[in-house]
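Enquirer: Here is how the chains run, residue by residue.
There are 2 protein chains.
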Amino acid sequence: MSRVITISREFGSGGRELGRRLAEELKIAYYDQEIVSEIARRTALSEQYVRAVEEQQPMFSFPIHIGRTFYPAPNPAWEQHMTVYQEQSRIIREMAEKSDCVIVGRCADYILREKKPLRLFVYADPESKLRRCREKAPAGENLTDRELRQKIRDIDKNRARYYEFLTGKTWSDKLNYDLCINTTDQVIKDLASVIARLF
Amino acid sequence: MSRVITISREFGSGGRELGRRLAEELKIAYYDQEIVSEIARRTALSEQYVRAVEEQQPMFSFPIHIGRTFYPAPNPAWEQHMTVYQEQSRIIREMAEKSDCVIVGRCADYILREKKPLRLFVYADPESKLRRCREKAPAGENLTDRELRQKIRDIDKNRARYYEFLTGKTWSDKLNYDLCINTTDQVIKDLASVIARLF
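So the protein sequences, as listed, match chains V and D.
Counting in the numbering used here, the first sequence runs from 1 upward without gaps.
Counting in the numbering used here, the second sequence runs from 1001 upward without gaps.
Do not rely on the hints blindly, as some may be mistaken.
Partial list, computed: chain V residues near chain D (C-beta under 10 Å) [stated by the list, open to error]:
1. Arg-93
2. Glu-94
3. Trp-171
4. Ser-172
5. Gln-186
6. Val-194
These aren't lab readings, by the way, just hints derived from the structure by calculation.
Just so you know, even glycine gets a beta-carbon here, dropped at the ideal spot from N, CA and C.
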């Protein structure tokens, strides 16, 4: 059976980078954007749409014209969301079956619960997350500190809702994870080397 | 500067054992009961009384006749509590200064915050804590599952109050720790070897 590490992370905590570097250190596969691409390929939905669905609770107002343009079902948005979730679960299970890997987000900890993955939760204090978001901000993003703090809170709120919808559990609850890692004032690269030693 | 590991732990999570074994693995000092004994020695209060004060919020009803029998102060219980806290902080700082060590409980994470210790929080799910408490129960303890669950909740509630009183922070908040470790279904001995690799 393959060894799987799942990473749930607060926005701005560096969890994605930690996951990528951990996979590099351990020389195992890393899945993140690949999952979006694969869902898009299999469902013929756009990657942009899949990404939006992934991080939102179902039935939040989406522009449903993105992706397919014709819907035979009475509630097409709901159906499309469900398609994304089902495909996502299937792909995550396939990836975890194929080889050792690190999977970021997407409730992989819950989807793979029978495989007993090592479930990490990565978090940091608000100021540290703000700094990290500033450093990694896309070119042209000119948010004030206040706006950026709000953005971080909103994204985490959506992650929490999405997790709760799919799993019935509280996203930030320690009990859903084996190890919770505080990245405040940490250099992610150094932290990844240290965490890799656990394996 | 010495390397210090502080351990906060839920009752029944095996945090104390993890601390002891971690100190053994790393061949560094381990402080727990030693702190109680040292406070008792320096203050002439009984160990039993010191232990009771340590895990309670101040001014909860104590039998104040334990320990000294004469009080010149208008509020002797409060004074005695404060004496214990002050002595405790002093001893913890001395121990951390002396050599590398593991310190269990007693808000050491907060008392030593300027030394930047590695702050661990050890937790587990309720059923796992119940099982561990059963295994380690003192001879003659005949609590029902319901009573034992209540005892676990009460002890953790006191730890949380004590922490909040001394630090102004929430005991179970991940942000107060560098690493939170879930011991559910884990063998503490094996876990300690794994965690020791982080150092």
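Enquirer: All the hints need checking, so say for each whether the structure fits it.
Expert: Structure-based check of all given hints:
Using the Cβ-Cβ criterion of 10 Å, the hint placing Arg-93 of chain V at the interface with chain D is not satisfied: the shortest such distance is roughly 22 Å. A cut of 10 Å between beta carbons decides the hint on Glu-94 of chain V: the least distance to chain D is about 26 Å, and the hint is violated. Given hint, Trp-171 of chain V at the interface with chain D, is violated; its Cβ is 12 Å from that chain's nearest Cβ, farther than 10 Å. The interface hint given for Ser-172 of chain V is met, as the beta carbon of that residue sits about 8 Å from the closest beta carbon of chain D, less than 10 Å.
Against a cut-off of 10 Å between C-beta atoms, the interface hint on Gln-186 of chain V holds, since the closest Cβ of chain D lies about 8 Å away. With a least beta-carbon distance of about 6 Å to chain D, the hint placing Val-194 of chain V at the interface is held under the 10 Å criterion.
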